[in-house]
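2 protein chains.
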Amino acid sequence: MEKIVKQIAADFSIVFRNEKLLHEAFTHSSYVNEHRHLALQDNERLEFLGDAVLEVIISDYLFHTYDTWHEGKMTRLRAQIVCEPSLSAFAKDCHFDSYIRLGKGEENMGGRQRPALLCDVFEAFIGAVYLDQGIEAARKFINQVMITKLNEDAFSHVMDYKTSLQEELQKNGDVDIQYILLNEDGPAHAKQFDVEVRAFGKVMGQGQGPSKKAAEQKAAQNALESLKK
Amino acid sequence: MEKIVKQIAADFSIVFRNEKLLHEAFTHSSYVNEHRHLALQDNERLEFLGDAVLEVIISDYLFHTYDTWHEGKMTRLRAQIVCEPSLSAFAKDCHFDSYIRLGKGEENMGGRQRPALLCDVFEAFIGAVYLDQGIEAARKFINQVMITKLNEDAFSHVMDYKTSLQEELQKNGDVDIQYILLNEDGPAHAKQFDVEVRAFGKVMGQGQGPSKKAAEQKAAQNALESLKK
Chain A
6 MEKIVKQIAA DFSIVFRNEK LLHEAFTHSS YVNEHRHLAL QDNERLEFLG DAVLEVIISD
66 YLFHTYDTWH EGKMTRLRAQ IVCEPSLSAF AKDCHFDSYI RLGKGEENMG GRQRPALLCD
126 VFEAFIGAVY LDQGIEAARK FINQVMITKL NEDAFSHVMD YKTSLQEELQ KNGDVDIQYI
186 LLNEDGPAHA KQFDVEVRAF GKVMGQGQGP SKKAAEQKAA QNALESLKK
Chain B
6 MEKIVKQIAA DFSIVFRNEK LLHEAFTHSS YVNEHRHLAL QDNERLEFLG DAVLEVIISD
66 YLFHTYDTWH EGKMTRLRAQ IVCEPSLSAF AKDCHFDSYI RLGKGEENMG GRQRPALLCD
126 VFEAFIGAVY LDQGIEAARK FINQVMITKL NEDAFSHVMD YKTSLQEELQ KNGDVDIQYI
186 LLNEDGPAHA KQFDVEVRAF GKVMGQGQGP SKKAAEQKAA QNALESLKK
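So the protein lines, in turn, are chains A and B. All the letters of the first sequence, read from the start, carry residue numbers 6 to 234 under the working numbering. All the letters of the second sequence, read from the start, carry residue numbers 6 to 234 under the working numbering.
Treat the hints with care, as some may be off.
[Claimed, not checked] Take a look, some chain A residues computed to stay more than 12 Å from chain B by CB distance:
(1) Lys8
(2) Phe21
(3) Ser35
(4) Arg41
(5) Lys97
(6) Gly139
(7) Ile185
(8) Asn188
[As the list claims (entries may be wrong)] Residues of chain A placed beyond 10 Å of chain B at every Cβ, according to the derived structure:
(9) Phe53
(10) Gln85
(11) Glu173
(12) Ser216
[Stated by the list, open to error] Partial pick of chain B residues on the chain A-facing surface, computed with a CB cut under 8 Å:
(13) Glu52
(14) Thr80
(15) Glu172
By construction, these hints were calculated from the structure, which means they are not laboratory data. Every value quoted in this text rests on a predicted model; they were computed, and no experiment measured them. Quick reminder that beta carbons are idealized off the backbone N, C-alpha and C, glycines included.
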């Protein structure tokens with residue numbers, strides 16, 4: 006477990022005061038059941054807390070980021086971000102799948118890769134960070150791991166800035182919006198795309214990304230931000 | 006509206022920096038629709054935020070108060086506390102029903118007393134407090150208005166300390182638990198009951214309350230707290 010404590014510190018700059026909380030977050034009930042003599046606590050109480058912490062932090066982020074959006078639209082986007090497929094993917098990004106203490110039965114049934122289980126571990130970890138270091142530390146972790154990723158290719162279906170920009174620009178009728186590839190650079194495994202978005206005969210925003218799609222999303226996001234100013 | 010600002014300051018010691026947020030919390034969409042020239046914002050965005058803030062504060066409270074409870078039990082209790090009938094009752098306790106700006110149609114249909122509408126206003130108010138003054142101010146309001154009430158008679162079905170005590174004491178087999186009325190005092194409209202709870206031939210806790218039931222709950226709660234020490 007000492008290794009996990011160090012890895013968490015290295016990856017997220019989170020040094021746990023109470024390391025027991027970190028171990029609890031990574032302890033599945035199946036492990037507790039198979040090691041009753043150790044009198045361990047499983048991660049379900051932390052998951053209960055972390056679920057609510059995650060919800061308020063994402064809600065706060067959406068509220069401030071999309072200040073013209075109506076409640077229904079924010080609720081839909083929140084549901085897409087805070088859902089099992091999304092959270093289990095984030096858990097894997099963080100290598101939490103390799104940290105979980107599982108019972109043998111659960112392990113043999115492939116529990117380590119089960120989305121519901123990974124999602125619970127992700128929320129339990131957030132609960133542990135919140136308890137150990139407070140809500141701002143949990144927000145920092147969520148920003149680092151989730152929010153920054155929301156803009157990347159993998160989550161472009163969720164954070165669809167292109168659609169938002171279209172909605173914004175077409176408020177008063179049809180507008181021709183063009184995404185123009187300015188440049189494509191770098192070796193195959195680390196490509197960099199440069200895109201600009203044009204409307205009303207002028208450049209509305211520019212963006213870079215590891216794919217054309219990601220660069221377009223970034224350009225749309227930048228355009229939306231300058232429109233707000 | 007100036008009157009409401011003062012009343013909120015008097016009742017909850019919350020002095021809004023941005024009074025617009027307070028007005029927004031008390032503005033129903035039906036009012037916005039009937040006064041389009043005023044370009045007002047209804048309370049639905051604040052409700053989106055307040056809902057999540059309320060959830061995390063209640064979750065945190067339950068997590069720390071019931072430190073031996075399992076996730077499922079906390080989730081059930083949270084659902085009973087954070088539900089429409091409960092939140093609409095709290096909204097009325099706070100006189101929020103008289104502060105709401107409603108459209109005429111909604112008013113004529115009795116909207117001012119509609120539980121769903123009152124529940125939204127309560128959550129929107131929490132969202133406004135959170136935005137204006139931060140999470141600790143929201144927690145203080147929720148403590149004052151909700152948590153203290155949870156122990157009283159009206160919410161004894163929700164915060165059932167008697168059942169919790171029974172579960173705690175009977176972990177290792179049947180135990181005889183007795184609630185004994187020690188004293189009954191005061192005039193009819195302000196009665197005070199004194200109760201003690203006994204088990205294993207000794208006093209486990211004592212409690213006072215405005216009804217026998219409330220005093221028993223309080224005695225059970227005190228017994229649970231001394232068991233934890």
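Given as non-interface: Ser35 of chain A, which should sit over 12 Å from chain B by C-beta:
The claim stands: Ser35 of chain A keeps its Cβ more than 12 Å from every Cβ of chain B (closest is about 15 Å).
Does the no-contact call for Ile185 of chain A survive, Cβ to all of chain B over 12 Å?
35 Å, holds
Glu173 of chain A: least C-beta distance to chain B exceeds 10 Å?
Holds, since 17 Å exceeds 10 Å.
May I ask you to check that Asn188 of chain A keeps its beta-carbon over 12 Å from the closest beta-carbon of chain B?
39 Å, holds
Going by Cβ atoms, does Phe53 of chain A stay more than 10 Å from chain B at every point?
Since the minimum Cβ distance to chain B is about 4 Å, Phe53 of chain A lies within 10 Å and the statement is violated.
Is the Cβ of Phe21 of chain A farther than 12 Å from every Cβ of chain B?
Check passes; 18 Å lies beyond 12 Å.
Just double-check Arg41 of chain A for me: nearest Cβ-Cβ distance to chain B has to come out over 12 Å.
15 Å, holds
Classify the label on Gly139 of chain A as holds or violated, using whether its beta-carbon is more than 12 Å from each beta-carbon of chain B.
10 Å, violated
With d taken as the least Cβ-Cβ distance between Gln85 of chain A and chain B, does d exceed 10 Å?
15 Å, holds
Would the stated hint for Glu172 of chain B survive a check requiring a Cβ distance to chain A of less than 8 Å?
17 Å, violated
Agreement of hint Thr80 of chain B with chain A interface, Cβ distance less than 8 Å
Thr80 of chain B check passes; min Cβ-Cβ to chain A is 6 Å, inside 8 Å.
Quick one, is the Glu52 of chain B hint okay against chain A at 8 Å, beta carbons?
7 Å, holds
In this structure, the hints that do not hold are numbers 6, 9 and 15, in rising order.
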